[in-house]
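S.K.: Using the sequences and the accompanying hints, generate a full structural model.
Protein chains in written order, with full-length UniProt numbering: chain L, 1 to 490; chain Y, 1 to 95.
Everything labelled a hint here was simulated from the structure, so no lab data went into it. Be aware that a few hints might be false.
[As the list claims (entries may be wrong)] Away from chain Y, derived, C-beta distances all over 12 Å, residues of chain L:
#	residue
1	N6
2	K9
3	E25
4	F91
5	E119
6	N212
7	I251
8	P290
9	E323
10	A339
11	E363
12	V396
13	K400
14	S415
15	A422
[What the hints assert, rightly or not] Facing chain L, from chain Y, some residues (calculated, C-beta under 8 Å):
#	residue
16	M58
17	H86
18	L89
[Stated by the list, open to error] Computed cross-link-like contacts, DSBU-like style, restricted to lysine-lysine with a CA-CA straight-line distance of at most 30 Å:
#	chain 1	residue 1	chain 2	residue 2
19	L	K82	L	K269
20	L	K269	Y	K61
21	L	K111	Y	K61
22	L	K204	Y	K92
23	L	K187	L	K145
24	Y	K92	L	K145
25	L	K316	L	K145
Ideal Cβ placement from N, Cα and C applies to all residues, glycine included.
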Amino acid sequence: MNAPVNPKKLIKGGLHDWEVVIGMEIHAQVTSRSKLFSGASTAFGAEPNDNVSLVDAAMPGMLPVINEECVAQAVRTGLGLKAKINLRSVFDRKNYFYPDLPQGYQISQYKDPIVGEGEVLVDLSDGESITVGIERLHLEQDAGKSLHDQNPTQSFVDLNRSGVALMEIVSRPDLRSSEEARAYVTKLRTILRYLGTCDGDMEKGSLRADVNVSVRKPGNPLGTRCEIKNVNSIRFIGQAIETEARRQIAIIEDGGTIDQETRLFDPGKGETRSMRSKEEAHDYRYFPDPDLLPLEFDQAYVDGLAEGLPELPDAKKARFVSEFGLSAYDAGVLVAERASADYYEAVARGRDGKAAANWVINELFGRLNKEGKGIEETPVSADQLGQIVDLIGEGVISGKIAKDLFEIVWTEGGSPREVVAARGMKQVTDAGAIEAAVDEIIARNPDKVVQAREKPTLLGWFVGQTMKATGGKANPAAVNALLKAKLGIE
Amino acid sequence: MSVDAQTVRRIAHLARIAVSEADVAPLQGELNAILAFVEQLGTVDVANVEPMTSVTPMAMKKRRDVVTDGGRAEEVVANAPETEDHFFLVPKVVE
Chain L
1 MNAPVNPKKL
11 IKGGLHDWEV
21 VIGMEIHAQV
31 TSRSKLFSGA
41 STAFGAEPND
51 NVSLVDAAMP
61 GMLPVINEEC
71 VAQAVRTGLG
81 LKAKINLRSV
91 FDRKNYFYPD
101 LPQGYQISQY
111 KDPIVGEGEV
121 LVDLSDGESI
131 TVGIERLHLE
141 QDAGKSLHDQ
151 NPTQSFVDLN
161 RSGVALMEIV
171 SRPDLRSSEE
181 ARAYVTKLRT
191 ILRYLGTCDG
201 DMEKGSLRAD
211 VNVSVRKPGN
221 PLGTRCEIKN
231 VNSIRFIGQA
241 IETEARRQIA
251 IIEDGGTIDQ
261 ETRLFDPGKG
271 ETRSMRSKEE
281 AHDYRYFPDP
291 DLLPLEFDQA
301 YVDGLAEGLP
311 ELPDAKKARF
321 VSEFGLSAYD
331 AGVLVAERAS
341 ADYYEAVARG
351 RDGKAAANWV
361 INELFGRLNK
371 EGKGIEETPV
381 SADQLGQIVD
391 LIGEGVISGK
401 IAKDLFEIVW
411 TEGGSPREVV
421 AARGMKQVTD
431 AGAIEAAVDE
441 IIARNPDKVV
451 QAREKPTLLG
461 WFVGQTMKAT
471 GGKANPAAVN
481 ALLKAKLGIE
Chain Y
1 MSVDAQTVRR
11 IAHLARIAVS
21 EADVAPLQGE
31 LNAILAFVEQ
41 LGTVDVANVE
51 PMTSVTPMAM
61 KKRRDVVTDG
71 GRAEEVVANA
81 PETEDHFFLV
91 PKVVE
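M.R.: What follows is the structure in structure tokens.
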């Protein structure tokens, strides 16, 4: 919390520089078939109130029964955050009134959450990394959904989401810039997706953030914070922090003070505004839910779940660096999604890891991005890309031809090796053929030959001409060597 | 522990119960009587007693992660004063 101040992260005010301090509460929807305390489905996009049991609608006499998979998912997530798992935790009622909360309270965990302190390692764009402390993770119910735009005087309430399990993951106020905040959410999302405990789909509301922002003069105690509720994209998280920090700085520099309050970010207007109705709701009158016994399990249960965890991004990245000789940056790009990492490994296995990384990152990812496709939709399989890498490695095709080959495989499919054979894309390594081409070009351009002896950079022009004459199939290394010898250039 | 008139108004508001000004003083008396009655528990020494969470020692029952309910929107909204297309309709609430 009192890490050394990095001057680059400070925000310039009118009077002096300010440090922004950020902590986050992430609400991550647990991946499960049925809800936290009922047997209704969690599937997205159902007809209104179709995924609702009488428990979710809070009909009198209904009792909650916990979903064992949601408990396992919370424990797995805790383990992925290197956190303390609490063998005994307690469910409490958090009381407030809202039309999409039919119980009149949310079942949550207050004093005794299922997961305690942990940490997340976050890589930043400048190559630095920071460790963000996790304060706790607890299980709770989601609320229903209100639609306000269907009718001028009424709101429409759909309880399909009511009772779906959420993990609230609370960070320490360890973040010092909007970039750090965005990187933290991105990393947390990656970890959750690796674990398979939350799909991280922000568009569907599977991951939402409440962002606590305060500002202070560097070295001073923490300032008064405001909580920005329900920010639903990583980009908006960054914008909301920048906007809110500047609002607070302007008030303080004008001699005012910050009121601790809940605010809403409006991306359209680029401003945050007070949610006055939430003010008094802070009195949640928590008490242990009398319908639910304490949640207890033993260490053997936790150990069993730990054994089933997949390799997580930090470990995978370190392994890619040591096993395949990748740079930390490339390894980081490849492990950001588990599917990308799996694809890369399939290409790299038994091949040159660096060459494989270049092809996956530059050609494949580049092409996928261009078409707005995810790795799951790639038309070029890992096996096909592997063959292309092999063909270059064996000297059968040049790197340039390989790009054409990649394009053909992308659009038409087929075995790269067969495409090369069928279309005569084989690199010409036959010294006689290359020499004939070189001799002809030299004979036709005596003036350039003279110039090249004065100015050796002109060699590139000759290489280009030779490649053109051979339809790009000449081995560039052989062409270079031959031209240097014939032109007498060192 | 006792409550003042302001606390009575606040509790009523948090519970969304309309309490007229005339009812505040009598309610304050009743609440304080209840609190005084409960406070007698404070005279019992529970220093070495574990909190009781259930009458018979038992573990929390758990459910398997299978969909066993839903598809009953008609029933879910049956008691609602107003509905449309299986939505509950409520007076407009918007931030």
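S.K.: Are the hints correct? Go through all of them and say.
M.R.: Hint check:
1. A cut-off of 12 Å between C-beta atoms confirms that N6 of chain L is not in contact with chain Y; the least separation is 36 Å.
2. Listed as a non-interface residue, K9 of chain L keeps its Cβ farther than 12 Å from every Cβ of chain Y; the least gap is roughly 32 Å.
3. Look at E25 of chain L: its CB is around 18 Å from the nearest CB on chain Y, clear of 12 Å, so calling it non-interface holds up.
4. For F91 of chain L, the requirement that its beta carbon stay farther than 12 Å from each beta carbon of chain Y is not met, with the minimum near 9 Å.
5. Taking the minimum C-beta to C-beta distance to chain Y, about 29 Å, the non-interface status of E119 of chain L holds against the 12 Å cut.
6. Non-interface call for N212 of chain L relative to chain Y: holds, since the shortest CB-CB distance, roughly 19 Å, exceeds 12 Å.
7. At the 12 Å boundary, the C-beta of I251 of chain L stays outside the reach of chain Y, the nearest C-beta of that chain being 22 Å off.
8. With a closest Cβ-Cβ approach of about 10 Å to chain Y, P290 of chain L is found to fall inside the 12 Å limit, against its non-interface label.
9. Once the 12 Å rule is applied to beta carbons, E323 of chain L is consistent with being away from chain Y; the minimum gap is 36 Å.
10. No Cβ of chain Y approaches the Cβ of A339 of chain L within 12 Å, the least distance being about 24 Å, so the stated non-interface status holds.
11. Separation of E363 of chain L from chain Y is adequate, the least Cβ-Cβ distance of about 41 Å exceeding the 12 Å criterion.
12. Every C-beta of chain Y lies more than 12 Å from that of V396 of chain L, the closest at about 51 Å, which supports listing it as non-interface.
13. Non-interface status of K400 of chain L relative to chain Y is upheld: no Cβ of that chain comes within 12 Å, the nearest being about 53 Å off.
14. With a least beta-carbon separation of about 43 Å from chain Y, S415 of chain L lies farther than 12 Å from that chain, consistent with its non-interface assignment.
15. At roughly 51 Å, the least C-beta separation between A422 of chain L and chain Y is larger than 12 Å, which holds for a residue marked as non-interface.
16. Annotation: M58 of chain Y was flagged as interfacial toward chain L, and the flag holds, the nearest CB pair being 7 Å apart, inside 8 Å.
17. At its closest, the beta carbon of H86 of chain Y sits 4 Å from a beta carbon of chain L; the interface hint therefore holds under the 8 Å criterion.
18. For L89 of chain Y, the suggested interface contact is upheld, since its CB lies about 5 Å from the closest CB of chain L, less than 8 Å.
19. Proposed proximity of K82 of chain L and K269 of chain L is contradicted: the alpha carbons are some 39 Å apart, above 30 Å.
20. Between K269 of chain L and K61 of chain Y, the direct Cα distance comes to roughly 49 Å. Violation of the 30 Å bound is thereby established for this hinted pair.
21. Pair hint K111 of chain L plus K61 of chain Y holds up; C-alpha atoms about 21 Å apart against a cutoff of 30 Å.
22. The hinted pair formed by K204 of chain L and K92 of chain Y meets the criterion: a straight-line CA distance of about 24 Å does not exceed 30 Å.
23. Of the pairs offered as hints, the one joining K187 of chain L and K145 of chain L holds, with about 28 Å between alpha carbons and a cut-off of 30 Å not exceeded.
24. Note on K92 of chain Y and K145 of chain L: the hinted pairing holds, with a Cα-Cα distance of about 13 Å set against a maximum of 30 Å.
25. The straight-line distance between the Cα atoms of K316 of chain L and K145 of chain L is roughly 38 Å, outside the 30 Å bound, and the hint therefore fails.
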